[in-house]
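K.L.:
Order-wise, the sequence lines are chains A and B. Residue numbers are given in my numbering: position 271 of the first sequence equals residue 1375, and the series is strictly consecutive. Residue numbers are given in my numbering: position 7 of the second sequence equals residue 95, and the series is strictly consecutive.
Among the hints, erroneous ones may be present.
Said to hold, decoys possible - For each label pair, taking beta carbons as the anchor points, the in silico distance ranges come out as:
#, chain 1, residue 1, chain 2, residue 2, range
1, B, Ala138, A, Val1187, 32 to 40 Å
2, B, Ala229, A, Asn1182, 55 to 63 Å
3, B, Leu238, A, Gly1594, 51 to 59 Å
4, B, Ala117, A, Leu1270, 40 to 48 Å
Unchecked claim - Examples of chain A residues toward chain B, derived with CB under 8 Å:
#, residue
5, Gly1154
6, Pro1235
7, Gln1238
8, Thr1290
9, Ser1307
10, Arg1330
11, Asn1340
12, Ala1341
13, Asp1367
14, Thr1371
15, Thr1374
If you're looking for bench data, these hints aren't it; they were derived computationally from the structure. We put the beta carbon where it would ideally sit given N, CA and C, even for glycine.
Listed below are the residues making up each chain.
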Amino acid sequence: MQSSYKFGQRLGAIAAATVMLAAFGGAEAMAASPRAAENKVVLVARQDPGTLDYVTSNLTALRLWIPANVVEPLVYFNKDGSVSPGVAESWTISDDKLVYTFVIREAKFSDGTPVTVEDVLYSLNTMKGSPVSQNSAAYAAVASMEKVDDKTVKVTLSRPSQNFWLGMGGTAGLIQPEHAAGTIATNPIGTGPYKLVKYTTNSAFEFTANDQYWGDAPSIKDVTVRVITDGSAGLNALEAGEVDSLPVITIDLWEQVTKRELDKKFTLLTYPQVGEPTYAVLNQKLDPELRKALAATLDRQSYNDAFGASWGAENTCTFALPNQPWYEPESAESCPYPYDFEGAMAKASAYASTPLEYASLSDVPDLSLPADIMVPAMQGAGFNVTRNAIDLARYSQLIFQGRPPQFDITVMSGDADPTQWNCTDPAKAGWSTYCSAEYTQALSDADAATSDEDYLAKMKLAAKILRDDAVIVPLIAKKGVGLFEQDLKGFIEPRVAVAIEFKNLSW
Amino acid sequence: MALYALRKLVFFIGAVFVASVAIFLLIRAAGGNVAAIVLGKDATADAINALATAYGLDRPLPVQYFDWILGMLQGDLGQSFRTKEAVADLVVGRLSVSIPLALSGLLLGLIIAIPVGTYAARNVGKPSGAVLALISQIGIAIPVFWAGILLSVLFGVRLGWLPTGGWVDWSDDWVGSIRSLVLPVLSLGLIMAAVLIRYVRSAVLDVMNQDYVRTARAVGMTRTQALLQVGLRNAALPIVTIVGLQIAELIGGTVIIEMVFSLPGLSRMILANVAAREVIVVQSTVMLIIVFVIFVNFVVDLLYGILDPRIRNAA
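Okay, chain A solo, but in the shape it has when bound (with noise of 0.2 Å):
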């Protein structure tokens, strides 16, 4: 019995020895992926739409996913400027842009059934009846939709409209069967190169190589999105080989990947399609020489050093991305209001009894680290600055109870459509939201616009009426970041929206 209890002792020493040596061991070299063999591949996804409804809900969780992989959109805009074929395999385009005329593929759903006619004009409809502004607006200029002829669609507009154009190819142009119209939130068919097998909400979307696909079929047969919303744990994930990129990986995880060296083992990609513009709004309500004196205490420097160079995040005082052509990195003639301390002390005194309240998303580090730094300048520069922290439940719940609160300052990351200011009234400006006049109307004549040049010009003045105003003070343009398993190749930038295309993934 004594000996049993002494082998017994000795055995769970020796265990607990190995399980020691094997955990705090030297670090091993990085082995390929099982999957690899398997034709597989396992992604992370930070966050769970919940519903895969794309015509109801435009989240990001959602469209990285969907758009592209499964549901198709008419055309493609590509990265170099060109327009491949969608679900349409031609088109034309009146001289005046006025009619557009869509041939529709010979192809078939996911589920087997053809492509017509029929569908093409229930998804444009459906899109232009969406509760999505970013769906429906590529509508506003459409006047009339109609079927020509078995494989054909006729789109007639009542003026020239780039957002209708440009929405053909993101996820207002994306195509669905009518008869699976009732499981969309869980089960969107289309005519992608992968088809949904399977949605378990907060667990995993499993997708599998379409067969009807009309294309080429893709090299990766199957591909797993696993949902791990804590960051650290898609870090181990990754490090512990369950998985082989996290795509879209967020700021706070940058000191964590940089620790563990997840940056020298595994490819390091950023693409400014899935990024953020982030930026300080000022309460239009302020007054206009306040906002300006404000704009003066931002140190796009300090704020990118802390938060946004690992990134390639770039400085800038436009609102928009790299890759969108108004887009211009911070200089003397693109910032109206550059960082210029000494000059907001001299501004300061004259509102040195203006109570002001910076709110900061307690519980989005995005959103809530800024202030660390912008808090103590503004305040240092003269400003009567407080802080209020607020969390994230609880900013929601007021935002959607249509009551939020008249915070004067706060720092947001968020999507770089700069449609998302229209407003023409003045009287209905408040915290987070910008209203002019002028700025609708600079927008409303870039869809107008009949050329590219034409178009771009009026979005860079609108643009600069933006900055100038000094209530959406763009700061940095982050790009969206990702780390890949380094035999996997063959990620290309978001064509539609923000999805992440697999069919050119490859081992």
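Got chain A; can you put chain B on it based on the hints?
P.N.:
Using the frame of chain A, we list chain B on its own:
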């Protein structure tokens, strides 16, 4: 005993009724116009009215309440606004993760705590007893999420023995399901054991000094026999109480563990639906959890009666 059980049953039903009214009213008081909340800030008045009509949200509150309760009693927990899925289906899918997680965590905690706590009580004042008390104290101080991360890094990243997280459905690969649950269950169970060890130790120490244990020793029983045959039944009363409370706490504890290990359990589902303003899903699921907690307390009350005749006779 029957009368005692009946009284407890009436109390159980009353508590469930009060809880259901409170949940129903609190969600409406906190949320305002449910249809407006669901549709978000850009919704038109027509869309809000249409949704309210479609889901009966424009009816008087008492009608909505009784409709909801009658549906619950028949297994109809409502429907998700976003996905149109039945809430009952959503819940059942999540319970296949949450029930094994919570019960295994509890079981592991008890399996460790009862012998270790008893051993610590029997060796109070000795080095081994002090070491166990210290380990228990350290365990109590460790947050469950931290334990989860440590175990994940050790057994998942460093050793590669177990998955760092994620879930494999029972129908796809039951071995994979069990592997997915090992680390979460260990995290929950070890921390729960640390808490329970102290209660078991304290309860056993208490009964060991009682007259009936001394009497048992006097009639010739060994210390162990006296403890097992006479003492443990009496020590069980406070342990049952704390286990009942721990079950309620376990539901909160699984939220963190489900997050750390990316498990699609019930707690995460509720959190996600709170963020998505799925009022009906949240209302029905929270109600189910409350019924479960009240039921556990009901069972604990019944166990009191079984374990201690004085309680049922006094009642």
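K.L.:
Going through the numbered hints above, which ones does this structure break? Give me the numbers in ascending order.
P.N.:
Violated hints: 3, 7, 13, 14 and 15; rest satisfied.
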